[in-house]
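Q: All chains should be modelled from the sequences, with the hints used to inform the complete structure.
Just so you know, the protein sequences line up as chains A and B, in that order.
Per the numbering used here, the first sequence starts with residue 1, numbered consecutively.
Per the numbering used here, the second sequence starts with residue 1, numbered consecutively.
These are calculated hints, taken from the structure and not from any lab test.
Please note that the accuracy of each hint is not assured.
[To be verified] Computed far set for chain A versus chain B, every beta-carbon distance over 12 Å: (1) A18; (2) A32; (3) D63; (4) K67; (5) M116; (6) K301.
[Stated by the list, open to error] Quick partial rundown of chain B residues pointing at chain A, CB under 8 Å, derived from the structure: (7) V141; (8) L173; (9) L281.
Everything numeric in this text was worked out from a predicted model, so none of it was measured.
For every residue, glycine included, the Cβ atom is placed at its ideal position computed from N, Cα and C.
Single-letter residue listing:
2 protein chains.
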Amino acid sequence: MGGDFAPEAAVMGAIAAAAAIGEDSRIVLFGAKDQIEAILERENCPLSTFDIVPTTEVIEMSDHPAKAFTQKPNSSITVGFGYLAKGLIDGFASAGSTGAMMVGSMYAVKPIEGVMRPTISSLIPTVTGRSGLILDVGLNVDCKPEVLYQYAILGSVYAQHVLGIENPRVALLNIGEEREKGNAQAKATHELMANNNGEFNFVGNIEGTQLFTSKIADVIVCDGFMGNVVLKQAESLYHIMKKMGVENPFLDGMNYEVVGGTPVLGINAPVVIGHGCSTPLAIKNMILQTEKTIKADLTEKLKKVINKN
Amino acid sequence: MGGDFAPEAAVMGAIAAAAAIGEDSRIVLFGAKDQIEAILERENCPLSTFDIVPTTEVIEMSDHPAKAFTQKPNSSITVGFGYLAKGLIDGFASAGSTGAMMVGSMYAVKPIEGVMRPTISSLIPTVTGRSGLILDVGLNVDCKPEVLYQYAILGSVYAQHVLGIENPRVALLNIGEEREKGNAQAKATHELMANNNGEFNFVGNIEGTQLFTSKIADVIVCDGFMGNVVLKQAESLYHIMKKMGVENPFLDGMNYEVVGGTPVLGINAPVVIGHGCSTPLAIKNMILQTEKTIKADLTEKLKKVINKN
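A: Rendered as structure tokens:
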């Protein structure tokens, strides 16, 4: 149970998700058992809807993520990752401390062998209604071309198997279409990507003008410094427009509540990180996204592709 | 006369600007004299409204900018920069080849002594109605911290004297508020900026969420790789929303036609670069922006501040 509005929002989101997931899926809740059960009872939700693993500690946003992960062994995040690492659950999602979620991803679940740097990605809306994927969105802020190259692979596999896009078009975020455009990092990365031996469907550079058009690409690769700004800019425009009374389904796609969470890609199990300020709707979508990733058997598919190299 | 719709759009824009500029200002047109005069006559605009300097060549978008600048000495851009360098005009603006405009800025007008890298900036709208300034937006894609530091000075002076913002707040575009956030470039730049000895009003980092809120900053500093993507993303959202029938004054501020053009900062005379696809409204605003920069005596003010160091 993580997030600024935990456990209330988390439990309410889980109740909504339970009604939407497949019959063969089951949601396991990690958190303060008494509080969780009180909310379930209040909502007339049978306790048997969920497995509940009681935890007693909370990793605060002000805690040092790495220290808290080990010093608070009874927090929902630490216990959850323990279950995930042991295979007692198939995927894990939380709107708690992003830092602690990454610590768990890197040290409990661990990167897939051969993955240089796992990454966090995000769905972005396009005018066609079909989502695109952008990565990295804040984890690795200084990326070597080889790392961005691998992001292209990770994003491509996710887009194909979780988003259901056949032969996803992968582009490099840049300031011009031509291959000689961009900073040193972009130029070197373009060279690498252009010679990818069919590992992914590279369509070249994409400019900021085409991020949401779906005309160029399904998967957009950039470093976490750029991706984080792009994502936050989009989100802020959603909020500004909303406040101004503009209702628009395309803009709604920039709402983190709809998006659900950011999948961590390149590790040995499905992990999805929600926003700290996640509402019940956001939690619900985060859980559904995790279920989808599990059912797509993404981890095995990533392992296969990465170890082909 | 430059731009995809030249000379038609350029002349129409100049006619509109002529009606709006100060009585002590005069617009000089560089271009195909016959064509310009034909449009003026058709529009019942007295030929005496403008000075016309006839030019016979055109730098095409497909031309190599540096080569074309010297090999087409009779192009409007080359002739215009000649006039500017000789002080025959006080500022120069064109929607022609951006590359050739930069060649003219760097080699005919030249950087102000002490400026490491001149920059191109852009106004961005905020929800308050007051514009912010972002720089660089595409010229220098790999920036040392020292260069970004100078951008803070250039942007601050422009915001104060051209935009009329007292003690403009300068922020570094980053992925978190805390000083230790960001990539290697951002961290080193933050350190430098935080110790600026009162050269500008540094308010710390700004995230993508705050670009348009005006809550944090008036001047936003980033390298040209980031700035270009941010700007194009904003523009594309304006166009997408417009196509979807959303009319909104805030979004209109992301329309390049309203913005006018990108001022080149850090060179020895006012130069404004318009979009290649500039319409008459864009040309008009580009000219008015140039007039404003001239009247603010920006170049002298920049020289004073830069040479203080």
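Q: Under the constraints set out in the numbered hints, which ones does this structure not fulfil?
A: Of the numbered hints given earlier, the structure breaks just one, which is hint 9.
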